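K.L.:
Chains A and B supply the protein sequences, listed in that same order. Mapping of the first sequence onto the working numbering: residues 1 to 164, in sequence order. Mapping of the second sequence onto the working numbering: residues 165 to 500, in sequence order.
No lab work stands behind these hints, which were simulated from the structure alone. Quick caveat, the model's predicted, so the values are computed rather than measured. Cβ coordinates follow ideal geometry from the N, Cα and C atoms, glycine included. A portion of the hints provided could be inaccurate.
What the hints assert, rightly or not - Think about it this way: if two alpha-carbon atoms lie no more than 20 Å apart in a straight line, the pair counts; the simulated EDC-like pairs of lysine to aspartate or glutamate are: (1) Lys419(B) x Glu335(B); (2) Lys201(B) x Asp40(A); (3) Lys419(B) x Asp449(B); (4) Lys201(B) x Glu295(B); (5) Lys132(A) x Glu160(A); (6) Lys201(B) x Asp36(A); (7) Lys49(A) x Glu87(A); (8) Lys497(B) x Asp135(A); (9) Lys49(A) x Asp203(B); (10) Lys419(B) x Asp383(B); (11) Lys132(A) x Glu295(B); (12) Lys201(B) x Asp52(A); (13) Lys419(B) x Glu436(B); (14) Lys497(B) x Glu335(B); (15) Lys497(B) x Glu136(A); (16) Lys201(B) x Asp286(B); (17) Lys49(A) x Asp36(A); (18) Lys419(B) x Glu448(B).
Stated by the list, open to error - Which residues of chain A face chain B? A few of them, derived with a C-beta cut under 7 Å, are: (19) Pro30; (20) Trp31; (21) Leu42; (22) His53; (23) Thr60; (24) Arg66; (25) Asn69; (26) Ser77; (27) Leu89; (28) Ala90; (29) Glu136; (30) Glu139; (31) Trp140; (32) Ser142; (33) Gly143.
To be verified - Chain B is nowhere near these chain A residues, computed Cβ spacing over 10 Å in every case: (34) Gly57; (35) Glu82; (36) Ile104; (37) Ala105; (38) Asp107; (39) Gln110; (40) Val161.
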Amino acid sequence: MPDDLSPRGPDLLSVPITVNGQERHMRLAPWTTLLDALRDTLGLSGSKKGCDHGQCGACTVILDGRRVNACLVLAASKEGSEVRTVEGLAAPDGTLHPLQQAFIAHDAFQCGYCTPGQLCSGVALLEEGHAKTPDEIREWMSGNLCRCGAYPNIVAAIGEVASR
Amino acid sequence: MRPFTFSRPEAPALAIAGKDAASRFLAGGTNLVDLMKYDVERPAAVLDLGRIAGLREVTQAGGTLRIGALVTNADAAAHPLVLAHHPLLADAILAGATPQLRNMATTGGNLLQRTRCHYFYDRQTACNKREPGTGCPAIGGVNRIHAILGASESCIATHPSDMCVALAALEAVVVAQGPEGERRIPMAEFHRLPGNEPQRDTTLGERELITAVEIPAWDYGAHRTYLKLRDRLSYAFALVSVAAAVTLEGGRIAKARIALGGVAHKPWRVAEAETMLQGQAPGEDAFAAAASLILRGAQGQGHNDFKIELARRAIPRALHQAAHATPQSHVEKRIA
Chain A
1 MPDDLSPRGP DLLSVPITVN GQERHMRLAP WTTLLDALRD TLGLSGSKKG
51 CDHGQCGACT VILDGRRVNA CLVLAASKEG SEVRTVEGLA APDGTLHPLQ
101 QAFIAHDAFQ CGYCTPGQLC SGVALLEEGH AKTPDEIREW MSGNLCRCGA
151 YPNIVAAIGE VASR
Chain B
165 MRPFTFSRPE APALAIAGKD AASRFLAGGT NLVDLMKYDV ERPAAVLDLG
215 RIAGLREVTQ AGGTLRIGAL VTNADAAAHP LVLAHHPLLA DAILAGATPQ
265 LRNMATTGGN LLQRTRCHYF YDRQTACNKR EPGTGCPAIG GVNRIHAILG
315 ASESCIATHP SDMCVALAAL EAVVVAQGPE GERRIPMAEF HRLPGNEPQR
365 DTTLGERELI TAVEIPAWDY GAHRTYLKLR DRLSYAFALV SVAAAVTLEG
415 GRIAKARIAL GGVAHKPWRV AEAETMLQGQ APGEDAFAAA ASLILRGAQG
465 QGHNDFKIEL ARRAIPRALH QAAHATPQSH VEKRIA
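Same shape as in the complex, but just chain B (with noise of 0.2 Å):
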């Protein structure tokens, strides 16, 4: 790791204030300081988040549920309000790393996870993502766990986030404050597809620093799943991971939100698909048709092709889980 100064500002106004292009907020660590010791991320100073007050909290007001941004995933997968109100999301949350990451990374570090890209890794290779203008050698090279939707000629990278895969789905808004003042932005807007800027994975800008997520309040009780998709019963990144919830009101479904993780530079979703699943009868010709929909212009780049198969099937079968109240369990890993 290269030297850095090292500070712990006590308020966010000060995190703020001392925030500029050449450092780091540092919360969970799990992210940053590995990315460091690959040399990838090289700050010269670290701001530790870790002794202010007030973003530790679940609460929840007028139906929104609030988890400030240092609150762990370990514990916000355990809190009584996420287990009550958004279920959904603690399973997705449980899907990702170990229970020793889970204990460290926070909300917020979650919402800034970089790709986990080989070559975004490897700084004896060229990356857009890392140094601009240099390329891109995961197009025609080792792409297995690269993106079939919304890539660029300049980036084919994935978002890694479990976790964030269910707050699109859930319709989240990050809050962020910045010098400023405060700003809302939904879970479509936070994070972006690479176009010809791939080093800038989300909207948000150098100064700011996240201190909550809400969620809106939605009832879908146990009409949902996570069904992450990978090359181990656990402990690895999703090849195709579908987040998704219902309402059925009639026999027929009222509403229904789906996101996907693992295909896409951002949690993908789909507006028409789910407007499309409204008023239908849950069954497999309405989850193929909406699979169609989330799929169209899914592209694969040669080692990644299954990926397209894959999620054509995962869909239908998340979609089938949730209608169904059969949440994917993680614990036991035959999938229903």
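Isolated chain A, as found in the complex (with noise of 0.2 Å):
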């Protein structure tokens, strides 16, 4: 176990990575996170911070074309990726993404906290093809809870997108 526990940093790192199709230049000290650094140097807040330890899905985005639980990724680890946010899912004259009309048809969520990363959740696992029954849909979208329980809903949201 190492216990050096001597004063060292702040040494901020250089970060350019492109979120959304722009790309953003960021310092940041090594150890922030990729959602600290969505949310407080970016000021996208739509990817949520539940448990801070990949355990909610709430902080779900989608790096490099894959799904990715954000609060367990060193931003500095990431230099030169994409990454797509909840922000970045509609079109860019704001008309919403299928998956989001179908949460909004089907109610697929109460408190709408975990949503966003529900979202991107969804949106990843429609592009793996992995949303072919309803079985397989709770099995592929086990690491996004939803403390409201809009499961239901939200399995129906995502079949339906699917099945079209």
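Both chains are given apart, each in its own frame, so use the hints to dock them into the complex.
P.N.:
Shown next as structure tokens:
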């Protein structure tokens, strides 16, 4: 167990990351997570901090085409990457992503706190092609918790978009 | 998280040269970053392996399947070579964690996962694994998830990985590079029992870097299963899991390999049970006898006593699934 607790840092690192199609240059301490960089440095507060331990999925973003828990990613390790957050799901003219529209149609949320993570996870799931049956949607969405229990409606919303 | 210095070595040799006791290699980060947030891991330096080339390939040569250390769990489970030659590994990986975590977690990192013992994670409590010599509050404490096999007086933690259980059953070899060159470590010798040094999860050296995992050829096809029993239908660590594969010849078992997860400080494999099954007709008597051999010496800690009976039933069920070529589905949860 390394226990060298001598002070070190801040040593800010230059971290260019493309966020929702826009290249952003950030100066970050090495211990800044991607979630904190998005929320605190870029002001993109759509991605939510739920548990901050990779257990709830509220921070889910799409990193280089893959859904990940942004709270467990050190931003400095993703220099040059592309991130898609809930703010980047709608078209530039504001037209909602089909899954966002389906969430509204199916009333797939109550408090809405987990919704950005559910949407990013769901969009990635649709691209992965693991949404062929309700069982499959449930299994492949297991990383996104919903304390309000909107699960049946979330499964229905994803299922509807998948079946189109 | 405590401050640390951060670097991105571009070759294994540079990573190894920069490694010392106070630094940590960063791969997927799913476990390390979490442990740093809990102040359980306090590295002075983090060496990010992300820029190292050549560790992200899945290849096959001479029958041996080789998976690079930085291949993500998601990519390994979906890789055509893995699905064609070692579907048991894909089954086990897909039984673990979530799509998000599997997209981040790597083969090498999964091998080095730390236990999910509540006391290990809680700095307010003693823990021989976290701080050697302070004691083990899990013994006589809350120990529903703890070990029933191979535990010691200083630690009753379990290894949490699903992937490693399949790798153990498939007799994989961990390839590691260190200051003295390359070393190949059989899975059976990679993870260790706690003994009186529970702080050491594996036999990997401080300055060794895992570069790949190799799995020898064995064509078991659909005669395999990864049966994982847990508190929820998805996204929970195993209470008991069984990786099993068999090959049959003339209606008798020619070869059987069985490893258990969730029950010990390492994937639990008992060669005697596998040898005993050889030449036997697959059936409940033989399977029950195998379970008895595998669970010989099993001891509960109170809350986890149920695991002994759970494992005693899970092993024959898994062997039944393997013998009948009906692998457990991780989407449809019904247990065949």
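K.L.:
Have a go at the Trp140(A) hint: is there a Cβ in chain B nearer than 7 Å to its own Cβ?
P.N.:
Check passed: Cβ of Trp140(A) comes within 6 Å of chain B, closer than 7 Å.
K.L.:
Against the 20 Å threshold, does the CA-CA distance of Lys497(B) and Glu335(B) hold or violate the hint?
P.N.:
violated (27 Å)
K.L.:
Is the Cα-Cα distance between Lys419(B) and Asp449(B) 20 Å or less?
P.N.:
holds (17 Å)
K.L.:
Could you check that no beta carbon of chain B comes within 10 Å of the beta carbon of Gly57(A)?
P.N.:
violated (6 Å)
K.L.:
Would the stated hint for Gly143(A) survive a check requiring a Cβ distance to chain B of less than 7 Å?
P.N.:
Gly143(A) check passes; min Cβ-Cβ to chain B is 3 Å, inside 7 Å.
K.L.:
Measure nothing beyond the straight line between the CA atoms of Lys497(B) and Glu136(A); if it is 20 Å or shorter, mark the hint as holding.
P.N.:
It holds: about 10 Å lies between the C-alpha atoms, which stays within 20 Å.
K.L.:
Taking the closest Cβ pair, is Ser142(A) under 7 Å from chain B?
P.N.:
holds (4 Å)
K.L.:
Within a Cα-Cα threshold of 20 Å, do Lys201(B) and Asp36(A) meet the stated pairing?
P.N.:
OK: Lys201(B) and Asp36(A) at ~13 Å, within 20 Å.
K.L.:
Under 7 Å, Cβ to Cβ, is where His53(A) needs to be relative to chain B, so tell me if that hint holds or is violated.
P.N.:
holds (5 Å)
K.L.:
Is the hinted pair Lys201(B) and Glu295(B) satisfied, with a Cα-Cα distance of at most 20 Å?
P.N.:
holds (17 Å)
K.L.:
For the pair we were handed, Lys201(B) and Asp52(A), check the Cα-Cα distance against 20 Å.
P.N.:
Measuring from Cα to Cα gives roughly 9 Å; hence the hint holds.
K.L.:
Would you check the hint for Lys49(A) and Asp203(B), treating anything up to 20 Å between C-alpha atoms as holding?
P.N.:
holds (19 Å)
Of the numbered hints stated above, those contradicted by the structure are hints 11, 14, 21, 27, 28, 34, listed in ascending order.
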